[in-house]
Each structure stands twice: as structure tokens, then as C-alpha cells.
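Taken in sequence, the protein lines are chains A and B.
The first sequence begins at 1 in the numbering used here and counts up by one.
The second sequence begins at 1001 in the numbering used here and counts up by one.
Simulated from the structure, these hints should not be mistaken for lab results.
Owing to the predicted nature of the structure, the values given are computational and were not obtained by experimental measurement.
Keep in mind that a hint or two might mislead.
[Claimed, not checked] With a straight-line cut-off of 30 Å between C-alpha atoms, the simulated DSS-like cross-links for lysine-lysine are:
#1 Lys213(A) with Lys1212(B)
#2 Lys1131(B) with Lys9(A)
#3 Lys9(A) with Lys1126(B)
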Amino acid sequence: MDKAKLKAKLPLILLLAFIIFTIIFPLIVKDRFLLSILIEAGVMCLFALGFAAVFRSGQFSLGQAAFLAVGGYAGALLASKAGLPFWLSLLGGGLSSAIVAFLLGIVILRMGGLYFSIATLALGEIAIIIAKNWDSVTSGMTGIAVDAPIVKIGELTINFATTKLPYYYIIVLLVIMAALMFWRIDRSRLGTVVRSVAVAPVMSEHAGIHLMKYRVIMFTLAAFVTGVAGAFYVYYLSWVGPPLFSGAQSTVALIMCVIGGLWSAVSGPIIGAIIVSYFGTMMQIHLEGLRPLVFGVLVIVLIWFMPNGLVELQYRFPAWVKSLFKKKGKVPDAPA
Amino acid sequence: MPLLKLDHVKKAFGSLLALDDIELSVNKGEVLGIVGPNGSGKTTLLNVISGYYHSSGGEVLYKGRKISGMRPDQIARMGIIRTFQQNIVYWDTVTLENVYRTCYLTAKTNYWQSFFNTPAWVKENKELWAKASEIVQLFGLGDFSFSLAQGLPHGKQRSLGMAMALAADPDVLLLDEPLAGMDAYEMEIVLANIKKIIERGVTIILVEHNIKTVLSLCPRIIVLNFGHKIADGSGQEVLKRQDVIEAYLGVE
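Just chain B, with the same shape it has in the complex (with noise of 0.2 Å):
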């Protein structure tokens, strides 16, 4: 069985059909690229899927339990986590707090015994903590700890949004544009921290833009034009496609 099915996905904004009868598969420890000119429904594939969109027809299965109709939250509990496309993050704390924030999802003790300060919640904090230490570092933001994330460089608040992901313990990262505006030094930076998330066995499912970028990490790639699924397969297979040529790399 799947991990993450897409069945006849549909998302319409009025008469613009943005997905139109999607069918998608994606297997546990899979990593899915996902390409397409802008405007050809990337980013509301990852919408539909983590609940920010509602589907206008068809149905997403994550673990063979349909998810299309229910919160995000909802969604996120159950383990699909995401990045986004802009810099979103804490901005009244320090990043290292950022990621803390987001480990909380995986906190067992209750809100009483945290408002009560129960032994048993001191050492989940304290696990909490170090947890999320763990994960800035291992992103490189351990010199970035104790600075604000409202003024980190934009590379880094992109690396942050990584790691707040992982900080989820997510068994499916949709990781949206990860690599958008990045100089070429940042980009190797996140492109290790991709590997990194990888090598923990997370299924990923990856919009980009750099084609060279998703062929190397994508095993599988997807190929979207105005809403249609126009290829699926292995990178060198897809590129050679006369139809995705047209459509995404262009003609002569």
C-alpha cells in the first residue's frame, strides 16, 4: 500500500481548474520531485495535501485514511509535515526557541502538568530542549542559536524552516522550494541539509525549480503543466520527453 495516495485530485479557483484529475503514489522512504513552469500547480499540490486547500473533488489517502476535508493540524498531528515558500518564522524569539516550538508536537506531558511544573514535564523540557539544540545544529545554526529569527539571513531562515519541519518528527516532508533565492554557497548548505533529512528515512516530496537539484535528489520525478500530471518516472526518462521539453525546458 501506498503511504501518500492522490485519487482524481481536482482544485478549482472559480472556472480555473489549478489540478485537474491528479492520480499520485508515493511509497514509504520515497523521494518525489515535483517540477512544472510557475503557475502549473505545485505549490497547490502541497496545499491540497497538508489541508491549507480544500480539494474540489477527488480524494488524498495517507496511509489508506482519506485526509482531504481535514484541518491542517489535523493533517500535521498525523505526520505530513511542510515547508513554505515565503520565511515564516517565530518572530518574537531566538531560533533556537523556533525549532524548540515546533518539537512541542511530539511532547507527551499535558498543559496541567505544565502549568504545574510536574517533574515529569521539567524532564520532557529538558529533552525538548535538547532535542531541538540537536537539530540546529545539525542544520548549522548553532552560531545562529541565540539571535533572533526575524533578523537571520535569508539562507539561514530558510534552513531554519527545515529544521522546525524535522524538529515535527514528520513521516512525510513536503518541502516547498527550499532552494528559491539562495546564492550558490547556501544552496550546497541546504541541498546537505536535504541529504541529511533523507538518510532519517523521510519520505519527501520536493517542488523546485533547479532542475539539476531534483535530479540529483529525486530517484522519481513528476512533471506538472497547467494542472495536468504530463510525466512521471525516473529523471532521465521524464527529461527526454518531447512534451515536458515544451513545456518546462523550452524549445528552440
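Isolated chain A (complex conformation) (with noise of 0.2 Å):
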């Protein structure tokens, strides 16, 4: 194979060898407390990359918690009272998330831009209320327990009380189905139209371009997303209950965007939340009530030295290594 198709293939090559090690690595690695951190980053990973569909289509969310309670207090219903299996109380949450985000989007996108994002606060705030106050359903504080799943696949049956470890594959199932969808349509027609309306409404809307339809299909697709996240997160923790969806969890998918960079749909959020949720863990036992203020200097520092994110590194580490080969002499003079 010649040298440009190969480069071409890079990262195709890259990707597999990272989805590879992603398999293994528990499997090498047996620390508890590790992969607890992973099953939660792939959490993340799912809900960094709702932000990210939304933000592509122009929108700033600051309310995507709500999304992540929709689908977390659906699927613990599905699974406790309505006795659905593991698989479809997922689906119930992501779907049930969509639903919601559907209804609102109509309604709140209208408003579109900074009025957007004040409404989406506005429902992370309400979501929490609703979750508190509302007994007979959510049992407020108290929250609903919900029992670990039995799955049964022909003879093998596996119990996800005793072991994590099939919490890990699910989710790293997920965000690689999510990953790829969201990298498809990016690369698609629905992206590049999703795009032109970010980047230019007015222009976009006399192109014939119904700016409500992608901004709305965006938002369902992102609540959808982030539903089955929400909804995973509480058969892992087993419970489910209002501190997990505190108005901060919104600005955490947007800090893993920023930090991963919030110019590629995919590979940004993903890099993103697994950076937070390793070093905020990290820094959550070392540091203890210091961390706020370490975490958002190094964020305030990121900012200023890769305002792209850490995407960038995949440029500018080749060009940094080439640099440090090349032969130091003088510099060459200009033409004249």
C-alpha cells in the first residue's frame, strides 16, 4: 500500500486500535475503582455528545440534565413498575426523553438563541422540582431503588449485581453506536444543512432551509441520546433520584465539550468527558474541596493555550514532533 492511502487510513486504523483497546483493557487492568470511573466517563461521553448535537445546530442547552432526569426517572419506572427488561427500559428512557424534548423544542426553539438558553436553565431548575416534589411518581427525595438486571443470553446468564463489568461493555456499546451516528450524520446531508443553519440563519432560511425542522431534529436526537444515558446511569447506580441531575451536571457537558473541542461533533466530546471524569474524580479524592477552584484555573488555562480544544493536539503534536527532528540553523532569509 502506497504512503497517502495509508495515511488516509490513519484514522480508521487509529479508531480500531482504539475501540481494541477499549475491550481489553479491563481485562488486563482488573481495578474496581477504575473502571467504575469508566462506566461513568462513557455516561458522560453520551451526555457531552447530546451538547455538542445541539450545539451544532446553533443552540447553547444549558438544561441537558433535565434530559438525562427524563430518561433516568423513565427508565427507572419502566424497570420497577412496569417490570421491562434491561434493553427496553433503555429504550424507554431515550424514547420517553425525545418525547419530551420533541414537545418543548417546538415550543422553546422558537425563541432560539440566548432566550433559548435561559429556557433550557429554566428546565433543568424545573426538572429538579418536579423530581423533588412529585411523591406519588418520582417518591421525592427518597428516590426509586431499582434492582441490578438479570440478563439471560441462551445458556449464559449474567447477574449485574456481582459484576460491573457488562455495566462497562453496555455503555462502551453505547457510546460507540452513538459516536456513530452522530459522526454520520455530520458527515451527511442532515449536517452540513444542521451546519449552514448554525452558522447562518437568515441566509439559510431564504435558501429554503426550515430552520425550526433541524434545530427540533437536532434537540430530539440529543434528548434521545442523552435519555438512554440518563436511563443507564440509574440501573448502574441502582437508584435514582433528584441529586443526580443538579443544574451543575448541565455546565459539566458543556466544560467536556470546551475542553475537547466543541469545533468536532464526535471526537471532541468524547476526549472531553473522559479527561473530566478521570481528573475530576482524581482531583475529587486528592484535592477534596480545592478542586473547583484547581479544576477551573486548568480549565481557564486550556482555554487560553487551545481555545479549539484538545483536537487541536492532533495537529499540532505532528507538527511538534517534526520541529524537534529538523536540523536547528539559521533562519532563512526572506526572499527578497
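Starting from two chains that each stand alone, build the complex the way the hints lay out.
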């Protein structure tokens, strides 16, 4: 294979290597604590992907945690009250979140821009208030307990209560599916139209693009993915309650996307989510009360040096390596 | 039947009547110039036709169908495309893709085909890029194909705006001051571009301050003043009228 072809296929090879690595990793490193961090990071990946999807349609959602909550509660209710199996509860969580987003979206997306952000900010708070006070459904602060699922595949019976490993593989699968979906959308006609809507709404509208339609599509899709993440999270923790979905969670999604890179649809949010989850937890352990301060400073420094997020490293790193191997000499004279 | 017909169209902003009882019909293939002093309602008229504003009274008919009250995107899909007075481009991408994005309007494959990258989509996508490239060449932007649209000089951005409008295969093209802020050289290029569009048989409504340009391009001219249509006819006819001279050209 010639060099150019190999270079074109490099991202694919790297991606496959990454996927294989994630599959083998927990089998080699048997660290239960690290595993739990990675599972939470997976949930956050879906969460951040949802935020990025809304952002790409030109809207800034500050209430994504509300959809995590809707998915979480719907999943918990479907599992504990209706007794649905694991997979269907996940799907149910996603769908109910998508339905809520669709109905709210056709109203609040009309406002657009800053007003949409304010509306979603309120949405996040409203979700918590409902969760706290609607005792008959959400059981208030006590929350709802969810039994760990027992999945039977043929002869094999997997009891999720005894091992966390299945959760890891399921969330990896979910993240890969969501990433593939958003990646394809970004590369397809829909993605191009959505970008047009975000970049120049008036121009797009006069070119025959129905703005609301695409904003609602992206908002609903994002809510679906976030809802699935919420339902999964609830299963993983075996419990759902208001503290899980505080308004701060929505800001975390934003920070993850900023750190990873807001201008990439898939890699940015995923990289950001993994890094923020890992270092966030590590800082929680080692720094305790100082964590928000240190975290804030690090975020500012990162934005300062890499305003386009960590994905910028893919261009910067090769350039840096090249500069190491270049002979140091006189700067060539500028051509006359 | 006229292609586009404005029937007693009114547009009020509060107590200000920006358009008052405008009657106008445009036939297929016609090139109509609209002139008038600043604030006479020229751009408002385009905004009402393109659906950016809803008219406060009267009707806009296109091919015998009422289009006033429709959304801008619906009107655009019916074949009425406009350009803007300001330079609006997709700043996140290059010139060629700017044009390519408006070509989308005419794409026949749907989003699912594109999502799964089916052969039909791959084929059409190639055609769309080819079409975009052809239009970019037509407007003399070939050298700028792969430069960011945001970084183009003013004149080139205006050409790009027109290229994007043409990429949508319009039946009626509304040009809003295509020559604003241009030097003589750029003006010539844009004039040539407009002539190329006219050759394609597109019906054009041109709003422009440069009276020479309008006279050279448009067989028919209407004059607006304070929201009223004060004259309608060929260039020579219109310019002889005393009220037009008073309103627009000024009196000694």
C-alpha cells in the first residue's frame, strides 16, 4: 500500500485500535475503581455528545441534565413498576426523553439564541423541582430503587449485581453507536444543513431551509441519546433521585465539550468527557474542597492555550514532533 | 398571467407605512429595476416578497398562488431566491462549499440515503459538487474556491452571494443592491455576472441606487417614494417625469 493511502486510512486504524483497546483494557487492568470511573465517563460521553449535537445546530442548551433526568426516571419507572427488561427500559428512557424534548423544542426553539439558553437553564431547574415534589411518581428525595438486571443469553446468565464488567461493555457499545450516528450525521447532508442553520440562519432560511425543523431534529436526537444515558446511569447506580441531575451537571457537559473541542462533532466531546471524568474524580479524592478552584484554573489555562480544545493536538503534536527532528540552523532569509 | 403579482400590498411598522398600496406585476423573463431614495421601501418590498416580513395588507401572488404569509423557506423552495444587502456567507467554510450548500435545495436524494451513503447519493453528491464548481467558475471565483468565504474581499463576497442564489436554480431572483460599496472594476464584473444570469432566462427584480446600471440592465423601471409607487415604465419614460426627478434625482 502506498503512503498516501495509508495516511488516509490512519484515522480508521487508530479508531479500531482504540476500540480494541477499550475492549481488552478491563480484562488486563483489574481495577474496580478505575472501571467505575470509566463507566461514568461513558455516561458522560453520551451526555456531552448530546450537548454537542444541540450546539452544532447553533443553540446553546444549558439544561441537558433535564433530559438525563427524564430518561433516568422513565427508565427506573419502566424497570421497577412495569418490570420491563433492561434493554427496553434503556430504549424507553431514550424515547420518553426524546418525546419531551420534541414537545418542548417546538416551543422554546422558536425563541432561539440566548433566550433558548435561558429557557433550557430554567428547564434544568424545573426538572429537579418536579423530581423532588412529585411524590406519587418520583418518591421525592427518597428516589426509586432499581434492581440490577439479570440477563439470560441462551445458557449464559449474567447477574449485573455481582459484576460491573457488563455495564462497562454495554456503555462502550452505546457510546460507539451514538458516536457512529453523530459522525454519519455530521458527514451527511443533514449535518451540512444543520451547520448552515447554525452559521447563517437568515441566509439558510432564504435558501429554502426550514430552521425550526432542523433545530428540533437535533434537539430531539440529542435528548434521545441523553435519555438512554440517564436510564443506563440509573441502572448502574441501582437508584434514581434528584441529586443526580443538578443544574451543575449541564454545565459539566459544556465544560467537557470545551475541553475536548466544540468544533468537532464526535471526538471532542468524547475526549473531553473521558478526561474530565477521570481527572475530576481524581481531584475529588486528592484535593477535596480545593477541587473546583483547581479545576477552574486548569480549564482557563487550557482554553487560553488551546481555544479549540484538545482535538487541536492532532495538528499540533505532529508539527511539534517534526520541529524536534528538524536541524536547528539559521533562519532562511526572506525571499527578496 | 403574470409570474409575480403584488395586489394592494401594504406594510406598516407601527404608524409608519413603509409600503402603501403597491400594485405590481412581473412577467416571466422580465428584468425589473426598482429605484428610489433611501427609506422609500425598496428593500421592504423585497422582504415582503421573500417572506422575511409578512405584509400588513394585500396579497402577493406567485404563479397564481398566494405566497404572502408563507415562511421564507417555503417561498424559496417555490423558486423565489433573494440576495442580501449585507454580505452574508457561511463563514465556517470555503467558497466552493458555500455554493454547494445552496445547491442542496435541488438535491433529490433524501437524508437517509445520505446517512447510509447509498450509491444514488454518492452519484448525486458528485453532481452537486460539479454544479457548484461550475457556478463558482461562472462568477469568476475559481481562484478563491478553497479560501474561506469570510476572508474574501467585499466585491468577491457579493459575487459569491449571487452565485449562491443562482445555485438554488431560481425562477425569480431578487437582487438587493448588488453594487453597494464597490469600486468601478468590481462593478463591471458584477454587471457581467448579472448579465449571465439574465441570459439564463431568470426573472430578475433588481434594487439598485446606481441609476446608470439600472438603465443599462432593466427595460422596465419602477420608482418608489415614501412607500408609494410613483412611476412604472421604460427608463426613458420614467426619468422624464417631474415627480421622479423631484423625488430621486433632485431639483436645481
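Violated hints, by number in ascending order, as checked against the structure
Going through the list in order, the structure violates hint 1 alone and respects the others.
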